[in-house]
Amino acid sequence: MINKLISEIVNSYEHRLLIDIPVFNALYSILCVKYLCDSKILNYDDIMQMDDLCSLEVYDENLKFNEKINYKKLIHGIQYEDLKEMIIEYANKNLEEYDHVSVSNKRKIVYIRSGHFDEYYYDLKGNTTYLIKGEHLAITRFFLLFKLFDKVLDLANDYKKLEEIDFSQYEEIHYYGMLGRIGIRLSEKAYEEINNFVKNGLRVVLYTFYVRINNYKNGRVTLDNLSKIIFLPKNKAIMIFEKKENDEISLINQIEDNNLEKLKKIIVLNRKIKDVLIKIKKQDIVNNNYRLGFRLYQLEHIERNKTINEIVDNNTMLIERLEMINEVVEKEINFLINK
Amino acid sequence: MKVREVFKEVFMGCNMTNAVANDEKVKDIYTLQKDSIEYTNIIENKLIRKRISNDVKKKYFMSDRDIVVYVKKPYKVGTYRFNNDLEVIIPNNFIILRDINMDLYSFIFVTNYLEKIGIDKYVKEHGIEGNLTIGDIEDIDLPDIPKEDQMRISKLINSINERSSIYSIILENDNQIIRHALKEVIGDNSD
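Chains as they are written, first to last, in the working numbering: chain A, 6 to 344; chain B, 548 to 738.
Be a bit skeptical, because a hint or two may be false.
Derived DSSO-like pairs: lysine-lysine, alpha-carbon spacing no greater than 27 Å straight-line [unchecked claim]:
hint	chain 1	residue 1	chain 2	residue 2
1	A	LYS336	B	LYS694
2	A	LYS249	B	LYS574
3	B	LYS574	A	LYS233
4	B	LYS663	A	LYS336
5	B	LYS597	A	LYS248
6	B	LYS730	B	LYS694
7	B	LYS574	A	LYS248
8	B	LYS597	A	LYS336
Everything labelled a hint here was simulated from the structure, so no lab data went into it.
Assemble the whole structure, with the sequences as input and the hints as a guide.
What follows is the structure in structure tokens.
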């Protein structure tokens with residue numbers, strides 16, 4: 006039922022949208038009104054008689070109504086549905102966890118860094134801490150939706166800021182992010198974050214797109230910790246990073262059986278070379294030799310890897326050393342002259 | 548005394564075979580390049596990593612108190628003084644002087660004499676224009692002065708070489724800072 010509801014919301018727009026911010030605004034608003042009515046806080050009959058649903062904001066400051074959508078019709082359509090069943094259906098169909106991904110039974114972190122995904126994992130066991138960072142509208146809407154789900158299903162999923170997280174309590178973080186394409190700064194931050202999480206002993210499960218991976222920069226450090234890539238339909242990929250002793254890497258292709266061994270060998274052989282990274286070219290995907298193509302390349306401007314702060318610190322340290330050397334030189338020259 | 552009389556071994560570095568990507572016997576090694584030597588010091592972070600597929604005899608790995616001479620112009624002389632166990636292979640564009648007679652000569656004195664005076668003098672006297680050979684290096688005369696006199700200036704030489712090497716790193720860092728600042732201002736996100 007919920008998927009039908011989503012498709013009706015999508016169809017309400019003149020220009021067909023895939024899952025996007027307005028759709029989740031609308032979905033949140035409809036489910037929220039249904040929850041309030043089911044809980045007898047609101048009355049369905051009153052809702053149907055209202056001219057403008059905007060006055061409902063009094064019940065929840067996050068309720069937003071878009072004039073392009075006939076909310077009353079949609080709310081009426083789901084009036085007799087079971088809200089819990091709807092949410093479980095949504096979680097199972099749209100937010101499923103993929104095989105081969107989780108290994109930990111501990112509470113896990115879900116970090117939604119990018120609002121460009123049309124699905125995020127929602128934990129029906131209530132065993133997840135969602136990491137809130139920034140004010141990205143799409144992410145905010147997802148969290149509101151998830152919080153509503155928690156309320157309806159009486160689950161203990163948690164929502165915290167990065168600085169509030171005690172990493173020692175977790176083994177795994179699911180990271181929804183892009184590497185590259187959106188901008189180098191973001192991309193570098195993403196790498197930095199992933200490496201920091203790995204350093205903190207976490208297993209990082211990165212959800213990304215492989216058309217987005219083609220700017221795979223500065224990946225050497227990250228690549229060292231890359232242990233598994235799972236290729237999924239719709240150009241999606243899951244990359245798993247963790248601290249490990251060997252160079253082994255698993256490649257799992259859930260789309261078709263291709264020559265993954267070849268790809269695996271290339272990654273393992275080349276991950277040790279300094280400054281040589283793997284690069285996935287869009288053309289390689291189009292040619293489809295083994296679904297994803299990797300090309301070796303060498304960074305021309307290695308110094309970009311070194312942050313400017315490190316360079317400045319290095320200079321300061323060298324200047325201090327120079328002062329010491331100058332004293333020695335002066336002393337030795339005086340000694341020679343006076344001899 | 549000639550160089551050949553002062554060192555037990557004078558020999559050319561190793562001939563290495565570059566590995567291809569799918570080579571099974573491939574191994575990663577550190578090796579020297581011309582720029583690895585700055586003011587008679589071999590700078591660790593200016594070594595290069597290379598993938599090779601041939602076996603390398605132990606004698607080609609750099610050892611403590613080796614003096615290496617870069618045989619092409621501009622000729623350079625360097626010494627190895629790393630504090631770690633990094634294994635470095637000396638390539639065949641370097642000549643290695645190993646096992647100095649320590650009763651007669653100071654290691655620092657010989658290195659600096661070759662770099663600042665010895666090679667230059669020999670090249671001029673013999674009209675050498677191309678690469679140096681093992682014979683050329685072996686034939687260079689070292690001044691017969693007491694070791695005590697050699698040692699008298701080693702601390703000064705060491706300090707000045709280190710200072711020069713630091714100057715060059717600072718200059719390079721400054722260049723990077725300027726490049727970074729320019730790229731930030733013009734919004735260049737290339738590379």
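Here is what the structure says about each hint:
1. LYS336/A x LYS694/B: Holds - the C-alpha atoms of LYS694/B and LYS336/A are around 21 Å apart, at most 27 Å.
2. LYS249/A x LYS574/B: holds, 21 Å
3. LYS574/B x LYS233/A: holds, 24 Å
4. LYS663/B x LYS336/A: holds, 22 Å
5. LYS597/B x LYS248/A: holds, 25 Å
6. LYS730/B x LYS694/B: violated, 53 Å
7. LYS574/B x LYS248/A: holds, 23 Å
8. LYS597/B x LYS336/A: violated, 42 Å
Consistency with the previously given hints fails for numbers 6 and 8, ordered from lowest to highest.
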